[in-house]
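Respectively, the protein sequence lines represent chains A and W.
Under UniProt numbering, the very last position in the first sequence is 456; numbers go up by exactly one each time.
Under UniProt numbering, the very last position in the second sequence is 456; numbers go up by exactly one each time.
Worth double-checking, as some hints may not be accurate.
Copies of the same chain look alike in the list, so a pair counts if it works inside one copy or between any two.
To be verified - In the SDA-like style, the derived pairs of lysine to any residue whose C-alpha atoms are separated by at most 20 angstroms in a straight line are:
#1 Lys200 - Ser151
#2 Lys386 - Leu299
#3 Lys386 - Val298
#4 Lys153 - Glu75
#5 Lys153 - Met209
#6 Lys386 - Ile301
#7 Lys200 - Arg161
#8 Lys200 - Glu27
#9 Lys200 - Val317
#10 Lys386 - Ala309
#11 Lys200 - Phe163
#12 Lys158 - Glu146
#13 Lys153 - His204
#14 Lys153 - Asn182
#15 Lys158 - Lys200
#16 Lys386 - Arg161
#17 Lys153 - Trp454
#18 Lys158 - Met209
#19 Lys386 - Ile318
#20 Lys200 - Ala164
#21 Lys200 - Asp154
#22 Lys153 - Arg201
Hints in this document: simulated from the structure, not taken from any laboratory.
Owing to the predicted nature of the structure, the values given are computational and were not obtained by experimental measurement.
There are 2 protein chains.
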Amino acid sequence: MLDQDHIEEVREIGPDLREAIAAGDAERISALLDPLPYSDALRELLALSPVERDGVLELVPAELAAELIEEAPDEMAADLVERLEPERAAEILEELDSDVQADVIGEMDADDAEAVLSEMDAQDAADVRRLAAYEDNTAGGLMMAEVFRFSDKDTVGKVLRTFASEEDDFERYRGQHPYIVNEAGEPTGVVSLRGLLTAKRSAHLTDIMVRPMTVPVDMPLERLEDIFDEHPFLGIPVVDTDGLLVGVVSRSAVAEAVLERSESESLKRQGVVGDELRSMPTWLRSRRRLAWLSANIVLNIIAASVISAYEETLAAVIALAVFLPMVSDMSGCSGNQAVGVTMRELSLGLVRPMDALRVWFKEISVGVINGIALGLLIGIVAWIWKGNPALGLVIGAALALNTMLAVSIGGVVPLLLKRLGQDPAAASGPLLTTVTDMAGFFFVLSFATLMMPWLI
Amino acid sequence: MLDQDHIEEVREIGPDLREAIAAGDAERISALLDPLPYSDALRELLALSPVERDGVLELVPAELAAELIEEAPDEMAADLVERLEPERAAEILEELDSDVQADVIGEMDADDAEAVLSEMDAQDAADVRRLAAYEDNTAGGLMMAEVFRFSDKDTVGKVLRTFASEEDDFERYRGQHPYIVNEAGEPTGVVSLRGLLTAKRSAHLTDIMVRPMTVPVDMPLERLEDIFDEHPFLGIPVVDTDGLLVGVVSRSAVAEAVLERSESESLKRQGVVGDELRSMPTWLRSRRRLAWLSANIVLNIIAASVISAYEETLAAVIALAVFLPMVSDMSGCSGNQAVGVTMRELSLGLVRPMDALRVWFKEISVGVINGIALGLLIGIVAWIWKGNPALGLVIGAALALNTMLAVSIGGVVPLLLKRLGQDPAAASGPLLTTVTDMAGFFFVLSFATLMMPWLI
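Model the full assembly from the supplied sequences, consistent with the hints where possible.
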């Protein structure tokens, strides 16, 4: 019901929006987009032509433009910003936190990025350059440069005055606690809310602070996940190799990165490497998909060579050709289920590469049951359909065996790939289907060759 | 490098842990598990036999046991808790927030759940019963019952004294702001940190409060995502149909639910409906996987009937059988790439069911390029391999056409399923492969029938 209403509502805005853009009516555009959730407003923006999009981003207040840019995935955000005049692009980006600025600018062409950076506040631009240099999915790549920072000479009163005065800036710290930094720039303390609320205004921060937990810039996402899991902090200070405070990584930045990693892995398992969006250029989308498909077609040809080796058997019992794709597809599906569960357990941290044997035991027990069930089913179908019990036996036995093989491979291969330092998300599927295709064809055709007297 | 170290470290703990459990040495067990990240500690626990697991959960301090339970996915957590004595289970659960309690107890058998609830604090048990009644992935299902709640008669001083005193309870509110509730129980205000820090202690909360944003108990996860996207709040009060304050939904609970939904959809796309973990009973895992596979095998049989209809053509040109599985597999892969991108854009909110036509235009442009590229590739391979240019033409043309069909279906079907109120994650794949299998077989075999004079 809600969804339906939503669709109607969205449908109505498009023409009005185009009219307002054509008329250069900035207020009307804002009035149309402002009441929408950002995700809906972004979709409206994307439904426009590129020139109309530029119009919207140039005309609306910088804050609204910044929200739309932040809502978009990074690559798309970079595409949108690149098309604007550098002054306007800088104005919009200045509304965003430094971590988002760095993500968007990091996706831009080097020349465009430089043009925008040179229009930004010098300090902000320096922060962005610094942040953009860190690896994605490390503390450095996820942190923001804005730190709610005080000196070890400051008092509680100073913090309270800051709360009272710097209204805008305070928003930027996303609920950070005040961090105390010594003259060298090392974080030496953090002050709790309770400390602030219950201490005298004249108290020195050093009297009520505790030693802060810190993480190094190169700490990987997996460890950050563990740390935020175990501690209630909303943010953790990040230090460089000299122990100096360089930023703060927030709980929400880590949560967002984990979600993105999960969705990106899920795409890769479907054969889409690189986080494709349909707003990307056709040639790029096509090239990325083809790269994966071309590797896959080579594997397919290898598997098909098994069929080719048994052409005589096939020629004698042409009905086998009806069942070959079925056996290979069903085994692939069974194996993919096992891949899915292993990938989930890997991402939940419930299995490690060394657990391959334990995983195999768990898979083969399901594989035996499902193999027998599916083998019986397809065997009976083949028998009745083609009126030949021997054919049913050949097909049924082949599917049963191949199902057991497929779940074994599907369960274990992602762990082995991980152990070898390969990416299990992109490679498990093609490896699995190649082996199960070859084995499936081999089982059907070699069993048929053995049973030939009863088949013809 | 880090990963390798990690593996070594984990490998060492197992035997020591078993020894400590056998000796009933609670301190030793805690000393072994406490220094580990919770995810590693949970994996160690799962590597033990069920009886050993019970031993660990009975012997370690309730806080540590609670952390392990919280780290586990809900179904697994319920299995672990069900095996314990109700008194101990209640003691462990009392360490957790009400939303986690409700999730775990919601997964337990009704009898076990009752036994545990009757051992819990009466107020907590009532909260859990109330929370467990709400739908998953709604504000009610995601909220916690603990509210940092004050009356509209209270002063700033009262809040500050609460901060100073209720050390333990305060942790539970996960950074909530103080909410002001009138006598009827309606939330009438919220007080900002800045307000608290800058007001006099004698000031009434009603003087510095602002009207709070609230959400209804039945607000779905998608809307909550939008709201937390647009507002910096760490929590939002949840009201029932009478407008009474019944709980607070936190930013982190929403982020976690979004991640779980994403992983659960990704599993479903691989044919695993229900969030399988290998710790579940074999018959349950087998039955859930078989349900999906059985539906799939029926679709496979329908597709195979196309081959069966062309057995004469196949008998005449047996080499066709080598390429049939290849055409169907490659088209399935191309289509799945399109499914993956549509699912991603749906979850990012970039497309809506009504955008099917726009999506199709974007897909067919990639489909034409990739279809021609793959068709040429496989056509040349077939020509060279079997020495027949006409065979190359048949196979190449069939794959090219079927690739265009597959990306069209793959891109659009998830949107249509969504529009029909169906679940695109579980159903898109089987629907796609059935149609592309049928069409692929039909293209190859009907083209071959037309080209027969040049093929034999």
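For each hint, the structure was consulted:
1. Lys200 - Ser151: within (18 angstroms within a copy, 26 angstroms between copies)
2. Lys386 - Leu299: between (31 angstroms within a copy, 18 angstroms between copies)
3. Lys386 - Val298: between (33 angstroms within a copy, 16 angstroms between copies)
4. Lys153 - Glu75: neither (43 angstroms within a copy, 51 angstroms between copies)
5. Lys153 - Met209: Answer is within: at 12 angstroms inside a copy they meet the 20 angstroms cutoff, but 33 angstroms across does not.
6. Lys386 - Ile301: between (29 angstroms within a copy, 13 angstroms between copies)
7. Lys200 - Arg161: both (13 angstroms within a copy, 14 angstroms between copies)
8. Lys200 - Glu27: The answer is neither: 48 angstroms in one copy and 41 angstroms across copies each exceed 20 angstroms.
9. Lys200 - Val317: The answer is neither: 92 angstroms in one copy and 93 angstroms across copies each exceed 20 angstroms.
10. Lys386 - Ala309: between (24 angstroms within a copy, 12 angstroms between copies)
11. Lys200 - Phe163: both (16 angstroms within a copy, 15 angstroms between copies)
12. Lys158 - Glu146: within (18 angstroms within a copy, 33 angstroms between copies)
13. Lys153 - His204: Classified as within: same-chain Cα gap 7 angstroms, cross-chain 33 angstroms, threshold 20 angstroms.
14. Lys153 - Asn182: within (9 angstroms within a copy, 43 angstroms between copies)
15. Lys158 - Lys200: both (11 angstroms within a copy, 17 angstroms between copies)
16. Lys386 - Arg161: Classified as neither: same-chain Cα gap 86 angstroms, cross-chain 83 angstroms, threshold 20 angstroms.
17. Lys153 - Trp454: neither (94 angstroms within a copy, 91 angstroms between copies)
18. Lys158 - Met209: Only inside one copy: lysine 158 and methionine 209 sit 14 angstroms apart there, 24 angstroms across copies, limit 20 angstroms.
19. Lys386 - Ile318: Cα proximity of lysine 386 and isoleucine 318: in one copy and across copies (11 angstroms, 19 angstroms).
20. Lys200 - Ala164: Cα proximity of lysine 200 and alanine 164: in one copy and across copies (16 angstroms, 13 angstroms).
21. Lys200 - Asp154: For lysine 200 and aspartate 154, only the intra-copy Cα distance (13 angstroms) is at most 20 angstroms; the inter-copy one is 22 angstroms.
22. Lys153 - Arg201: within (13 angstroms within a copy, 27 angstroms between copies)
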